[in-house]
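Listed below, chain by chain, are the residues.
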Amino acid sequence: MKNRVKNIKDIFKAKQERRKRLAGLSIEEKIRILVQLQQLALPIYCARGLNKKAWDLNFDQE
Amino acid sequence: MKKTIEVVNQLETEGIINGYALGGATALLFYAEPALTFDIDIFIFLPNAENSTLIDLGPLYQALRDKGYESEKEHMMIAGIPVQFIPVYNDLVREAVHKAGLKNYEGVSIKVIQFEYLLAIMVDTNRPKDRERIGQLIHSVPWNQKVLYDILDRYSLLERFKKLK
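If you read the sequences in order, they're chains A and B. Residue 1 is where the first sequence starts when you use the working numbering, and the numbers rise one by one after that. Residue 1001 is where the second sequence starts when you use the working numbering, and the numbers rise one by one after that.
To be clear, the hints were calculated from the coordinates, so they are not data collected in a lab. Note that the Cβ used here is the ideal one computed from N, Cα and C, for glycine as well. Possibly wrong hints are sitting among the right ones.
[To be verified] Covered stretches of chain B, as calculated for chain A (at least 3 residues, CB under 8 Å):
1. 1020–1034
2. 1054–1063
3. 1072–1082
4. 1128–1142
[Said to hold, decoys possible] Distance condition first, Cα-Cα at most 27 Å in a straight line; then the derived DSS-like pairs of lysine-lysine:
5. Lys1067(B) <-> Lys1003(B)
6. Lys1162(B) <-> Lys20(A)
7. Lys53(A) <-> Lys1103(B)
8. Lys1099(B) <-> Lys1165(B)
9. Lys1073(B) <-> Lys1146(B)
10. Lys1163(B) <-> Lys20(A)
11. Lys1073(B) <-> Lys52(A)
12. Lys1073(B) <-> Lys1002(B)
13. Lys13(A) <-> Lys1146(B)
14. Lys1165(B) <-> Lys9(A)
15. Lys52(A) <-> Lys1003(B)
16. Lys1129(B) <-> Lys13(A)
17. Lys52(A) <-> Lys1067(B)
18. Lys15(A) <-> Lys1073(B)
19. Lys9(A) <-> Lys1163(B)
20. Lys53(A) <-> Lys1002(B)
21. Lys53(A) <-> Lys1129(B)
22. Lys1163(B) <-> Lys1129(B)
23. Lys20(A) <-> Lys1146(B)
24. Lys13(A) <-> Lys1165(B)
25. Lys1002(B) <-> Lys1067(B)
In isolation and in its complexed conformation, chain B is listed as follows:
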């Protein structure tokens, strides 16, 4: 995974992406017990995509192919790990990526979405597996109620969370 992170950081340095943060189940590993997942979700800002309704992942995929990595369905296989690049798709995810914190994996820095934002995104996504996981996470990982409630309140998700809780 170290090499995978290095490649993602390189994409940002080269300006192929305008920022990123690790999200999803792999991001949760930084805070919680290990849980099964097979891919890595990277939320990204694409250059010149802020006010565009059409999203073109072509240049990003081409840059990765030029580095010798191949696509496999919706993933790019980077150093033995399937990575899904997800352009930020709403204001909550945009804020979560902006406020991502720096973590360390085997000496390499990686931007990871904060735990409270990961919870908020799961409340927003609201799939059965998200609802099940939220119930486990809030009892096994320390979280900041003030921070989480503020996020949920601003995105009209607080009532949904309270019902899940």
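Here chain A stands alone, though its shape is the one from the complex:
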């Protein structure tokens, strides 16, 4: 039981560390990740009848 509690604490600690690491990325990299998240989430939103679109970053290249 003691080991299990320790493991759970480790899991939460690892999650927090991951958050900190991701927070340290550049804003440009975070925006690219965000667009990937949007693309992954779109089918779920569509299935719920919500009209969402992933951002189109190609405008910045024009």
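The hints should help you fit chain B onto chain A, whose structure is shown.
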């Protein structure tokens, strides 16, 4: 997003808005891990709106249409990104916009609400998703307790924050 920011900066230069700052989940991206959002919230000061109870977004929307951008429900689609313009609606948001800092995105300057003010606005808004996010943010992003507590205290939000914490 670079083009979107350039258009917002242009609106300020042209005097169509009297100041702005990026808020909401997109502003949090400048400080925290990426989290899902589909739009950009821009808090704005409108010309001649300081003492007015009626807010007219018409001139702003018209200026954007003149630039070739279309509205979609409550958003304006600017260079592939839905942007919601929110006139400052209380003293906390007003102060947050005034004290916004300059950040950089791909070489373009953008005014972004400071992290402690974003937290305070979430405490004030107090939706379930805000409460959940505050719990994550305060453990993963460095924040200035003195600054945050001062803001929360002045807007009678400190006790609520301590309960959330």
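Against the structure, the hints come out as follows:
Under the rule that three or more residues need a Cβ within less than 8 Å of chain A, the assignment of the segment 1020–1034 of chain B holds, with 6 such residues. Look at the segment 1054–1063 of chain B against chain A: 0 of its residues bring a Cβ nearer than 8 Å to a Cβ of that chain, fewer than three, so the hint is violated. Counting residues of the segment 1072–1082 of chain B whose CB lies closer than 8 Å to any CB of chain A gives 4, so the stated coverage by that chain holds, three being the minimum. For a cut-off of 8 Å, the count of residues in the segment 1128–1142 of chain B with a CB near a CB of chain A stands at 4, and the three-residue condition holds.
Restraint check for Lys1067(B) and Lys1003(B): satisfied, since their Cα atoms lie roughly 12 Å apart, inside the 27 Å limit. Restraint check for Lys1162(B) and Lys20(A): the C-alpha separation of about 22 Å stays at or below 27 Å, so the hint holds. For a cut-off of 27 Å, the pair hint linking Lys53(A) to Lys1103(B) stands: about 26 Å separates their Cα positions. With a CA separation close to 25 Å, the supplied pair Lys1099(B) and Lys1165(B) stays within the 27 Å bound.
Straight-line distance between C-alpha atoms of Lys1073(B) and Lys1146(B) comes to about 40 Å, which puts the hinted pair past the 27 Å bound. A C-alpha spacing of about 24 Å is found between Lys1163(B) and Lys20(A), which places the hinted pair at or below 27 Å, so the restraint holds. Restraint check for Lys1073(B) and Lys52(A): the C-alpha separation of about 12 Å stays at or below 27 Å, so the hint holds. Under the criterion of a C-alpha separation no larger than 27 Å, the hint pairing Lys1073(B) with Lys1002(B) is consistent with the structure, at around 23 Å.
Restraint check for Lys13(A) and Lys1146(B): the C-alpha separation of about 26 Å stays at or below 27 Å, so the hint holds. With a CA separation close to 18 Å, the supplied pair Lys1165(B) and Lys9(A) stays within the 27 Å bound. Proximity of Lys52(A) to Lys1003(B) is assessed by CA-CA distance (about 20 Å); at most 27 Å being required, the pair is judged to hold. Distance check on the hinted pair: Lys1129(B) and Lys13(A) sit about 22 Å apart at the alpha-carbon level, within 27 Å; holds.
With a C-alpha separation of about 23 Å, the suggested pair Lys52(A) and Lys1067(B) falls inside the 27 Å cut-off, and the hint holds. At roughly 37 Å between alpha-carbon atoms, Lys15(A) and Lys1073(B) are farther apart than 27 Å, so this suggested pair is violated. The hinted pair formed by Lys9(A) and Lys1163(B) meets the criterion: a straight-line CA distance of about 22 Å does not exceed 27 Å. Among the hinted pairs, Lys53(A) with Lys1002(B) is consistent with the structure: their alpha-carbon atoms are about 18 Å apart, no more than 27 Å.
As the CA atoms of Lys53(A) and Lys1129(B) are separated by approximately 21 Å, the hinted pair is consistent with the 27 Å bound. A C-alpha spacing of about 16 Å is found between Lys1163(B) and Lys1129(B), which places the hinted pair at or below 27 Å, so the restraint holds. This hinted pair checks out: Lys20(A) and Lys1146(B) have alpha carbons roughly 22 Å apart, not beyond 27 Å. The straight-line distance between the Cα atoms of Lys13(A) and Lys1165(B) is roughly 17 Å, inside the 27 Å bound, and the hint therefore holds.
Of the pairs offered as hints, the one joining Lys1002(B) and Lys1067(B) holds, with about 16 Å between alpha carbons and a cut-off of 27 Å not exceeded.
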